[in-house]
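Asks: For reference, the chains in residue letters:
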Amino acid sequence: MPGKRVLQMAGLITGVITVQLLTRFTGTGYFLTQLTMSAYYSLVIIGLCLLIGYAGQISLGHAGFFAMGGYISALLTTYNLLPYKDNAIIAVLMKTGILVVRTNLYGSEILYFQPWVACIIAVSMTVLVAYLIGGPILKLKGHYLAMATLGLGIIVYRIVLGSAFFGEADGLSEVPAFTLLPGLKVSGNLSVRISNYYIAWGLVIIAFITLLNLVDSRVGRALRSIHGAEDASSAVGVNTAKYKLNTFVLSAAFASIAGVFLTHYNGGIGPSEASVMKSVRYVAIVAVGGMANLWGALIMGVLLNFLSLRGYFGSFDDAVFGGILIVIMLFAPEGLIRVDIFRYLKRAVSGEKAGEQNDGSS
Amino acid sequence: MMLKVRNLEAGYGKLKVLRRVSIHVKQGEIVTIIGANGAGKTTLLNTIAGLIKTQSGEIMFSGKNIHGLPVERIVFYGCSLVPEGRQVFSTMTVKENLLLGGYVLKRKKMDGAVEDEIESVYSLFPLLRERKKQLAGTLSGGEQQMLAIGRALMARPSLIMMDEPSMGLAPLIVKDIFNIIYKLREGGKTVLLVEQNAQASLRIADRGYVLETGRVKLQGPAEDLLANRDVQRAYLGKDIDADNL
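Sequence lines, in order, name chains Y and B. The first sequence begins at 44 in this note's numbering and counts up by one. The second sequence begins at 2 in this note's numbering and counts up by one.
Heads up, a few of these hints could be off.
[As the list claims (entries may be wrong)] The list that follows gives simulated cross-link-like pairs (lysine-lysine, DSS-like), each with its CA atoms no further than 27 Å apart: (1) B:65 - B:17; (2) B:96 - B:5; (3) B:96 - B:133; (4) Y:285 - B:96; (5) B:218 - B:5; (6) Y:285 - B:218; (7) B:27 - Y:285; (8) B:54 - B:65; (9) B:107 - B:65; (10) B:27 - B:54; (11) B:5 - B:54; (12) B:96 - B:184; (13) Y:47 - B:133; (14) B:65 - B:5; (15) B:184 - B:109; (16) Y:138 - Y:128; (17) B:133 - B:176; (18) B:134 - B:107; (19) B:54 - Y:285; (20) B:133 - B:110; (21) Y:182 - Y:285; (22) B:109 - Y:285; (23) B:65 - Y:285; (24) B:65 - B:134; (25) B:218 - Y:184; (26) Y:47 - B:134; (27) B:54 - B:134; (28) B:65 - B:96; (29) B:96 - B:134; (30) B:17 - B:5; (31) Y:182 - B:17; (32) Y:182 - B:54; (33) B:218 - B:27; (34) B:15 - B:96; (35) Y:184 - B:17; (36) Y:138 - Y:228; (37) B:5 - B:184; (38) Y:184 - B:54; (39) B:96 - Y:47; (40) B:15 - Y:182.
Source of the hints: derived by calculation from the structure; they are not laboratory data.
Whenever a hint applies, use it, and build me the whole structure from the sequences.
Replies: Spelled out as structure tokens, the structure:
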């Protein structure tokens with residue numbers, strides 16, 4: 044099994060590199076921008092896939108967690124603390140390097156949180172919120188859980204839309220680059236487009252490997268057992284409440300990290316990132332990918348987000364994802380990407396025997 | 002004393018199902034609880050297992066007070082439930098179901114024991130070995146019941162509680178299942194068995210309790226209950242008055 048896993052990962056990494064080289068040789072480097080953004084959205088989606096597909100708990104509020112990460116990080120890196128620099132606490136933070144100074148477009152100085160610090164604060168706050176809210180709402184099941192998480196998403200949306208602090212309908216802009224390591228920064232600047240493509244995909248691949256190993260382990264079995272029969276699962280000794288909560292928090296953390304990175308990449312964030320339709324979109328993509336299928340979630344996440352970001356769906360963007368959800372639920376509740384499809388393709392490629400049988404039956 | 006339940010009261014919301022129920026189970030016994038639909042048999046087992054909160058009363062298991070503990074703690078202490086209607090994890094394979102049954106062994110620092118335990122379940126139910134890669138949902142009712150029992154055994158419980166293992170099974174399979182329960186006791190397990198099939202369960206049990214609308218109506222050695230006229234009339238389908246005519 045581990046051998047197979049290594050092979051799969053090698054395939055994924057080769058795929059990522061091939062796509063980059065293809066865009067280089069075909070002169071379509073501008074695709075990389077959308078591919079990078081899709082990668083960050085896919086990070087939300089694979090986290091959500093663990094929650095919905097494996098643990099069987101729905102969330103219609105993950106855009107809220109994404110927005111929490113993005114907004115908190117954006118606020119901390121754009122809010123100018125210079126007027127308060129005489130404050131003792133601010134002075135200490137400046138000395139320790141937690142607060143740094145930059146000059147903005149108009150030449151004035153801005154005192155702001157170092158992006159690493161902002162990122163850590165943003166993700167920890169999201170995790171804290173997910174933890175506090177997850178405890179009570181994960182006692183709900185089915186439709187009730189869907190409604191509660193939907194409520195959470197709407198609250199976050201209304202808060203960022205309604206408070207001047209978060210820029211109301213304009214959102215927050217002029218978010219600075221996030222320097223991960225010297226010479227490696229998350230930014231939408233054209234000069235670092237290729238390195239950002241690899242940063243995003245590196246992050247996704249690390250998260251993906253973690254999740255693949257997780258679902259194959261004792262923990263993964265426990266999660267699937269909760270999905271199958273929750274009472275029986277606790278009757279064999281699985282602490283179902285703890286597992287549900289941990290999975291919820293983990294997927295919220297993934298969404299939050301994606302939010303932080305994408306905000307730095309885009310240089311800003313707006314309230315549409317927190318909208319309910321975004322959450323519906325994430326759920327729709329998990330469904331198209333086949334629910335308990337991380338590969339399906341990843342592939343569909345990249346593909347559909349890429350098409351959407353390139354504007355192929357035009358002004359019907361949200362309608363398309365709503366439609367996809369309905370069609371999938373009606374006609375292919377197992378999702379589009381399924382194991383048997385691969386098996387079928389393998390048979391079709393490897394031998395004619397299967398093909399002959401098919402001819403005979405048709 | 003393996004299990005001692007005293008004055009237990011429990012129910013759902015404002016509805017009280019169990020009213021001052023007291024039972025006990027000694028080491029190595031098979032004890033059966035019989036009663037009609039709605040008597041509170043399943044509620045009693047689920048309350049002992051921790052799936053339902055107690056309203057009052059006490060539950061002692063192997064000298065520990067397990068009243069109010071979470072389900073996984075109670076399983077950890079060695080009290081496993083085979084739930085009503087089997088509840089196997091239907092989208093997982095037979096082997097994965099068994100592995101999940103052994104879930105608590107890791108916390109007991111007995112990781113290595115999982116494989117041994119699977120082997121002993123397979124030798125008890127050779128059919129499961131043949132079907133280990135099959136999805137549990139595709140098994141027949143009897144096979145699912147065997148899997149549910151096997152899954153509970155994986156945790157190496159000292160007390161195994163079974164909720165209507167004969168439910169919805171063909172008479173021949175029911176006989177098999179009861180044979181297995183009898184064998185479990187020979188293997189050193191203690192069994193608390195809830196059944197509607199009073200005849201079959203009283204035959205293999207040492208002692209029995211008759212539960213009626215949430216109260217213990219009768220108790221005693223199984224053979225006494227089998228011979229009891231009220232029990233015969235109410236649960237064994239013998240019309241004694243008709244015999245006398």
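Asks: Holds or violated: are the alpha carbons of residue 96 (chain B) and residue 184 (chain B) at most 27 Å from each other?
Replies: holds, 22 Å
Asks: Would you check the hint for residue 133 (chain B) and residue 176 (chain B), treating anything up to 27 Å between C-alpha atoms as holding?
Replies: holds, 23 Å
Asks: Against the 27 Å threshold, does the CA-CA distance of residue 65 (chain B) and residue 17 (chain B) hold or violate the hint?
Replies: Measuring from Cα to Cα gives roughly 25 Å; hence the hint holds.
Asks: Is the hinted pair residue 17 (chain B) and residue 5 (chain B) satisfied, with a Cα-Cα distance of at most 27 Å?
Replies: holds, 21 Å
Asks: Are the Cα atoms of residue 54 (chain B) and residue 134 (chain B) separated by 27 Å or less?
Replies: violated, 37 Å
Asks: Compare the distance between the alpha carbons of residue 107 (chain B) and residue 65 (chain B) with 27 Å, and conclude whether the hinted pair is satisfied.
Replies: Cα-Cα ~22 Å, so holds.
Asks: Can you confirm whether the C-alpha distance between residue 65 (chain B) and residue 96 (chain B) stays at or below 27 Å?
Replies: violated, 32 Å
Asks: Tell me if the straight-line CA distance from residue 182 (chain Y) to residue 54 (chain B) falls inside 27 Å.
Replies: This hinted pair holds, its Cα atoms lying about 15 Å apart.
Asks: Would you mind confirming whether the straight-line C-alpha gap from residue 285 (chain Y) to residue 96 (chain B) stays at or under 27 Å?
Replies: holds, 24 Å
Asks: Straight-line Cα separation of residue 182 (chain Y) and residue 17 (chain B) no greater than 27 Å?
Replies: Between residue 182 (chain Y) and residue 17 (chain B) the Cα gap is close to 23 Å, so the pair holds against 27 Å.
Asks: Taking only the CA atoms, is the gap from residue 96 (chain B) to residue 133 (chain B) under or equal to 27 Å?
Replies: Since the Cα atoms of residue 96 (chain B) and residue 133 (chain B) sit roughly 5 Å apart, the hinted pair holds (cutoff 27 Å).
Asks: Assess, step by step, whether the Cα of residue 138 (chain Y) is no farther than 27 Å from the Cα of residue 228 (chain Y), and give holds or violated.
Replies: Holds. Residue 138 (chain Y) to residue 228 (chain Y) sits at ~23 Å (cutoff 27 Å).
Hints 2, 6, 7, 24, 25, 27, 28, 34 from the earlier list are contradicted by this structure; the remaining hints agree with it.
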